[in-house]
Amino acid sequence: MQDYASTLNKTSYQEVAPVPHRFPKMEVENISKVYSGKGKQLLTVLQNINIKIFSREFICLVGTSGCGKSTLLNIIAGLLAPSAGEILIDGQSVTGRPGSDRGMVFQGYTLYPWLTVAQNVAFGLQFQGMSKGDQRDQVNYFLNVVGLENFANNYPRQLSGGMKQRVAIARALANEPAVLLMDEPFGALDAQTKEQMQEFLLDLWEKTHMTVLMITHDVEEAIYLSQRIYVLGVGQVKGEIPICLPTHRELSIKLSPEFIDIKRQVMSTMRQHH
Amino acid sequence: MLESISTVPVSVEPIKRKYSYLSTSTFWSIRQGFPKRLSLVLVAMSLVIPLAIWTIVSTLQLVTPTFLPTPLAVISAGITMFAENNLWGDVLASCSRVLVGFLLAALIGVPMGLAMGTFYSMDSLFSPLVGTVRYMPITGFVPLIIIWAGLDEPSKILIITLGVVLYNVIMVADAVKFIPNEMINVAYTMGASRWDVLWKVIVPATFPSVLDTLRVNISGAWNFVVIAELLAAQNGLGFKIIQAQRFLQTDKVLFCIALIGVIGLGLDYALKWLSKVLTPWADQVRH
Ligand SMILES: Nc1ncnc2c1ncn2[C@@H]1O[C@H](COP(=O)(O)OP(=O)(O)OP(=O)(O)O)[C@@H](O)[C@H]1O
Ligand SMILES: [Mg+2]
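Heads up: the sequence lines are chains A and B, in that order. The opening position of the first sequence corresponds to residue 322 in our numbering, with each subsequent residue numbered one higher. The opening position of the second sequence corresponds to residue 1206 in our numbering, with each subsequent residue numbered one higher.
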């Protein structure tokens, strides 16, 4: 812990003064998405979605399969144009324009197989005009954070699934995005590795206080990790549930009565019909 | 007593259900491993049996020797050609034509394929042309090419380049389309521009397929060099073949054809080795 505190001073996370909580870091304003289906048919996937995320919050978006979670996250990342609505970062519109302010971790493994782990993590840094030396320091720091400093020179195919996803997270974090977006990052992992990764992610969040928006269909994962949960129904926000649990959480919290109460609440919101 | 305990139903008929199982087979194994020994035996057989049939048929003179010379006759014809007819010069001439024509086809075809696979605009712009011309036989263009470019080296190189370039374009463009969207999207979320994505994602991601494409299409270049030399040339392996045919020297014809095969095989191995050296990260795809 002491180690981290001293090394953390290097990064901008600590240098940023605490932002007053009244201004959201990111706003999703009235986002709608309509796909044109077969013939003249229109398929409304998202309808008037409104989400606010404040600085240093960890937000989860839960919902059943096919309800439009990935579509929404891709719109937020700027990778997909919405049919209507705006995405604001610090009050600035970034709709339809992807950029290094919104880092993304996908469900599948999107590491570049022709680059080593260290080169993968450094990928975004070269576009910021960072000097080689600074790049190396940044890469080493974030590989340390995800505990993969010994694999810096390995190729992705030599890593396990969980390790690959840790590299992907390190790669996204190394760019120091305003918001980290994650689309079911642990969906492809086994239950045990998944819990390890959840513990790791929460630990990482506590240390770096990054702002995170994560998609999952695992309700327990969402409650364990986040401060607030948005429940997405078929194209609509069905509810917003604050998670009133201590900020520092152990995995065993998943068995506590408070946790189970929240889980019941989330599940019933998910089942509600509009 | 015991009888009364075992009143639990024992004589229940087991449900008869037929399952199907995979029968074991070594010879017809599909991705279940194959003994190295058997593989070597089969390789040897594939070479030895045709050679043996050829030897038997030709030495017993079941076919007129003019039509089918013996393997020994072919080899000695080859030795004579190397010693007296300057066959090295022909090999060199053909090889340099293939090299120049193929390099041109690669220099034009690979960037064009990358552009077409990457940008919708380039795809829309070029694919009608590429798609139509692809079905036109290059041999049909040969008279035109000779009228336009004459009988000298440029026309031969043009035949090779035109023959191969469209295959390069199509195969490289396809390789680009196999890159997962997410690999490109994740680069955008790290601040990459489209130019960065082209050079830092698309080019390296397709590099192994580009090498494979070139390796496959170089055999096409050998086809076209022979066509070009059959028509108008003073040297080259194709020229030697047509010259030998005029004098019914089937042994020389066969030797030249075999020589082209051997050169092609050598090139194939060299390019395979090259791609293994240049893309060590991709070796999980290959065996
Ligand atoms: N390009 C497209 N054209 C038409 N419909 C689409 C397209 N992409 C997604 N959809 C539809 O949008 C809906 C939402 O898809 P999306 O991938 O966002 O779901 P999801 O919530 O992420 O599901 P999962 O949990 O399974 O990943 C689906 O019904 C899907 O069929
Ligand atoms: Mg999804």
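Please note that a few of the clues may not be correct.
Partial list, derived from the structure: chain A residues whose beta carbon lies under 10 Å from chain B [claimed, not checked]:
| id | residue |
| --- | --- |
| 1 | Ala402 |
| 2 | Thr437 |
| 3 | Ala493 |
To list a few chain A residues with every Cβ distance to chain B over 10 Å, as calculated [claimed, not checked]:
| id | residue |
| --- | --- |
| 4 | Glu407 |
| 5 | Gln447 |
| 6 | Phe448 |
| 7 | Leu510 |
| 8 | Glu561 |
| 9 | Phe580 |
Each computed DSS-like pair below joins lysine-lysine, with the alpha-carbon atoms no more than 25 Å apart [stated by the list, open to error]:
| id | chain 1 | residue 1 | chain 2 | residue 2 |
| --- | --- | --- | --- | --- |
| 10 | A | Lys528 | A | Lys559 |
| 11 | A | Lys359 | B | Lys1405 |
| 12 | A | Lys453 | B | Lys1405 |
No wet-lab data here; the hints were simulated from the structure. Glycine included, every Cβ here is placed at the ideal spot set by N, Cα and C.
The hints, checked one at a time:
1. Because the closest C-beta pair between alanine 402 of chain A and chain B is about 13 Å apart, greater than 10 Å, the hint is violated.
2. A distance limit of 10 Å between C-beta atoms decides the matter here; for threonine 437 of chain A the minimum to chain B is near 9 Å, and the interface restraint holds.
3. Restraint check, alanine 493 of chain A versus chain B: the minimum CB separation of about 7 Å is within 10 Å; hint holds.
4. Residue placement check: glutamate 407 of chain A keeps its beta carbon more than 10 Å from all beta carbons of chain B (closest about 18 Å).
5. A beta-carbon of chain B is positioned within 10 Å of the beta-carbon of glutamine 447 of chain A; the least distance is around 8 Å.
6. The Cβ of phenylalanine 448 of chain A sits about 4 Å from the closest Cβ of chain B, inside the 10 Å cut-off, so the non-interface label is violated.
7. With a minimum CB-CB distance of about 17 Å to chain B, leucine 510 of chain A clears the 10 Å threshold, and the non-interface call stands.
8. Residue placement check: glutamate 561 of chain A keeps its beta carbon more than 10 Å from all beta carbons of chain B (closest about 25 Å).
9. Every C-beta of chain B lies more than 10 Å from that of phenylalanine 580 of chain A, the closest at about 32 Å, which supports listing it as non-interface.
10. About 32 Å separates the Cα atoms of lysine 528 of chain A and lysine 559 of chain A, which puts this hinted pair outside 25 Å; it is violated.
11. For a cut-off of 25 Å, the pair hint linking lysine 359 of chain A to lysine 1405 of chain B is broken: about 36 Å separates their Cα positions.
12. Annotation: proposed proximity of lysine 453 of chain A to lysine 1405 of chain B holds, straight-line Cα distance about 17 Å (limit 25 Å).
Hints 1, 5, 6, 10, 11 from the earlier list are contradicted by this structure; the remaining hints agree with it.
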